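Q: Based on these hints, arrange chain B on the given structure of chain A.
There are 2 protein chains.
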Amino acid sequence: MKTIKIGLIGLGVIGAGVVKVLQENSELIEMRLGASILLKRIADLRIEKGRGLPIDKSILTTKAEEIINDKEIDIIIELIGGYEPALTFLLQAINNKKHIVTANKALLAKHGQTIFNAASKQKVNIGFEASVGGGIPIIRSLKDNLAANRFESVYGIVNGTGNYILSKMTNEAITLQAALKEAQNKGYAEADPTFDIEGIDSAHKIAILASLAFGCHIPIEKVFTEGISHITPTDINFAKEFGYRIKLLAIAKKKNHGIDIRVHPTMIREDNPISNVNGVLNAIKIRGNAVGETLLIGEGAGAFPTASAVLGDVMEIARRLISGDKPHFVGIKSHPKIKLKPIDEIDSEYYLRFSVVDKPGVLSKLSGILGKNRISIESVIQKGRNQRLGVPLVFMTHKAIEKDIQNAIKEISKLDIVIGKSILIRVENGN
Amino acid sequence: MKTIKIGLIGLGVIGAGVVKVLQENSELIEMRLGASILLKRIADLRIEKGRGLPIDKSILTTKAEEIINDKEIDIIIELIGGYEPALTFLLQAINNKKHIVTANKALLAKHGQTIFNAASKQKVNIGFEASVGGGIPIIRSLKDNLAANRFESVYGIVNGTGNYILSKMTNEAITLQAALKEAQNKGYAEADPTFDIEGIDSAHKIAILASLAFGCHIPIEKVFTEGISHITPTDINFAKEFGYRIKLLAIAKKKNHGIDIRVHPTMIREDNPISNVNGVLNAIKIRGNAVGETLLIGEGAGAFPTASAVLGDVMEIARRLISGDKPHFVGIKSHPKIKLKPIDEIDSEYYLRFSVVDKPGVLSKLSGILGKNRISIESVIQKGRNQRLGVPLVFMTHKAIEKDIQNAIKEISKLDIVIGKSILIRVENGN
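Chains as they are written, first to last, in our numbering: chain A, 1 to 431; chain B, 1001 to 1431.
Hint data in this document are derived by calculation from the structure and do not stem from the laboratory.
All the pointers check out, no bait thrown in.
Derived PhoX-like pairs: lysine-lysine, alpha-carbon spacing no greater than 25 Å straight-line: (1) 326/A with 1005/B; (2) 410/A with 372/A; (3) 1326/B with 5/A; (4) 1121/B with 1071/B; (5) 1255/B with 20/A; (6) 1002/B with 121/A; (7) 97/A with 1326/B; (8) 421/A with 383/A; (9) 2/A with 1326/B; (10) 326/A with 1097/B; (11) 255/A with 1020/B; (12) 2/A with 1121/B; (13) 121/A with 1326/B; (14) 1326/B with 123/A; (15) 1326/B with 326/A; (16) 1123/B with 326/A; (17) 1123/B with 2/A; (18) 326/A with 1121/B; (19) 1240/B with 240/A; (20) 326/A with 1002/B.
On a predicted model such as this, the values are computed, not experimentally measured, just so you know.
Bound-form chain A, shown alone (with noise of 0.2 Å):
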C-alpha cells in the first residue's frame, strides 16, 4: 500500500486536532483512500510541549524548514495563521513542489493571488476548505458543486465568536462585555478579540468566498466592515420587536457589474433559518441561478471541525496524487468588468435608532429629514419618558441609498433635540 508522507507546521489547538483526527481514523481513512498518510514531521515554535499528544517526540522540530525541505514530504499542513512567517514558509514550500492544505484566512485573503500564482506556476494544489466555515463544506461546494451556477449572493455568520456573542445578548438580555467575558472563560474568544468583534475574521472569510464565487480577486482593504462592539441591548430587544434578530453577517451580492460585499451587524427577519443559527455556529446562504438557495449550517471553528475540512483536503490531494492525476486549480480570474461597489452606493433597508427629547414636533421634523433625504419610512416606534436621557425614536426603512441615510443621520444629530449617538443597523431581506 502506498504511503502518502505529510508535515504539519503549526502544533496549536487545530494543529492537535488534526494530530488526533488522524490517529482516531487511521484505519477508516487508510480504506477509503486505499493508501496510507504518515505525519512524518511537526513543527512549532514551542514543540517541547507537544500538547500531551501520543506522539513520537522524534518528529517533533522547531524549524519549519526542516519540514519544507524534506524531499519525502509530499503535503504540508500550515496552521500557524498570520502573515509572518505564514507567507514565507507556503511560497518556501510551493517552490519545493510541495503541495499545501492551509486553515490561514488572513493569509489567504491578502496574499491569496501571490499564493495562487506561485502554486500553479509550481503545479501543486492548495487546499483552503479549513479557512470558512470550519468544516461546513462551502468552499468545493462553491467550486465543483454548483460550478454550473451564475452565483448571485453568498452571505451568513462567519465567525462563531461574534455568533457566540450576539446570540448570549439576545437570549439572555447581557451586555457585549458580559458576553464577551463569558466568550473568553469557555475559550470562543481570544484574550484580545479584535478580529473577531470588530469583523475583520468575518471579512477575511467573505472575500475568500466571494473571490470563488464571483472569479475576481478581492482587495480585502475594499470589504466594508464593520464590528459589533456598538450593539447594545436596546437594539437587539428593539429588533425582536420588529421581528427580526441581529447577526453578525458577512454579505457577497453581484448585481450587474457590481460587487456589493460587506461585513456589518445585520438585521434579518426571524423566520429567515439563519436567525436562529446561534452559539458559536456558522451558517452560510449560497443563492445561484439554477441551485436557487442553499443553506449550509454547522460548526464554523473549533478544532475537531477544522481538522475535519482540512484532512479532507489532504485526502483530495493524496487521491491525486496516488493516481498521478494533475494539480486542480480554482479559477479565479480577475474579471476586468466586475467592480466593487462602495458602501455609499449599496441599497438596503435601515433601522436608525435616535435618542430624541421628548416634546412635540420631533417625529415630525425627524421624518421630514428621512423624506427629504429620499428615505422612506416602514414603521417606526417612540417609548418611554425620560426628559434627561432623552426617548428612543426607532425607524425602519424601506430600501434607501446609504449615501442618502448617511446623509440623513448627519443632519439629524446635528438636531438641538436630538441628544448622543445616533445608531445604524443594516437589514438583509436576502435580496
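A: This is chain B only, laid out in the frame that chain A set:
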C-alpha cells in the same frame, strides 16, 4: 479551446432544465472550465415536442443508441429515471467507455453495485450528485469534504413532495388528501404519488447516502419504509402540543457494528432546525466524529436545482478529461462486519395514540401494559369526551425497543376499551 461533447438521454422536466442552464450559463461554464461543453445529441421517445427549447432539431433523436454508440461523445447524462431501459442504456454506455452522470436514485439504490463495478472495470466516472437532495451538495460532501470522518448518522428530509404535504397539513390544518391535491396542482406530486407518499423515494435516497457514509452495500429491500398516508391532522396537532413537528425522515445511523436505516413519519422537536424546513425544501444532517453536526438545506428537486447538480458533475468529469486525470471512484467496500438492524431492534422514543372508551381505569390499564413491556412514559394527554367514537389517549415514551412497543400495541389493541386503529409515530432526537 477544448470541447467536451456530451449526450443527454431523457428530455423531461429535468432534461429541459439541464439544456436551459447549459445555454444560459455557457459563457461562465466555459470560463470556469477552460473548455466548452457541447450538447451534441439528445434522445427522448417523445422527442417531436422538443419542449419548446431553442435547440437545433437535428440533434434530437428517439434512439438512445445513437448517443451510446457515438464515438465523439465523452459524457452521457441519463435522466429517464426508473429501472429499465435506464440500466441497459447505462451498462451499454459504460461498456463503450462513456462517463456517466445520472439523477436516477431508484436505479442506483437497486443496481448501484452492478453499475459501479462496471464503471470501475471500464475506468469511467459516475457522477450522481443529483440523485439525492437536488442541488444540495450532499454526495460530494460525504465523499470528499468529510472523508476523514467516522460517520455516526445521516438523516433528514429527502423527499420534497412529502415535505410539502406535511407542511401544508401542519400550517393550514388540512387533510392529507387536500394537501396532496394541492401538491399535484402545483406539479410537486405526480398523478400516482405512491413513491413519494409511501416513502419509497426516500428509501432509495437514504440507501445511497448510507452506502457512502458507512462504506457498505445497503440492499434496498432491507430499508424499513413507512409512508405518511396514515398521518392525520389529529396527530399533527398532538405533536404541536408536545412541542414537536411531524416530518417524513430518512434515517441512517451506525451503532457499534450495526446500521439502523429506515424511513418513516417522525416527530422532531420544534427547536431542531429541520422541523422548520418546510414546503418542497430538503434538509440533510450529517454527524461525523470530527466535524460534529453539519446541516445542509436547499431545493431537493425541481428542474434547475437538479440541473445544477447534474452540470456540476459534468464539469468535474470534463475537468478530469481535460487534464487526463484518472476516474475518481468512491470506495464503497462491503464491510463484512456491518449488519443492518431489523426494525424490531431499534430503540427510539415513541408517540402512541389510542382511541379509548372514556371510563375510569382506562389510563391505568394501558399504562400497566406499557410498563409490563418495559416502556416508560414521559408524558400523557387524554382529551375530550365522546363515548361513541372514543377519546384519544396519547403517550410520549422514553427510549424503548421497537419490539416491546409493537407487543404492547398488539396487547392494547385487543382490549375492549380500545376502539379503532392505534397510531405509532417514532421520535427523533438526533441521538
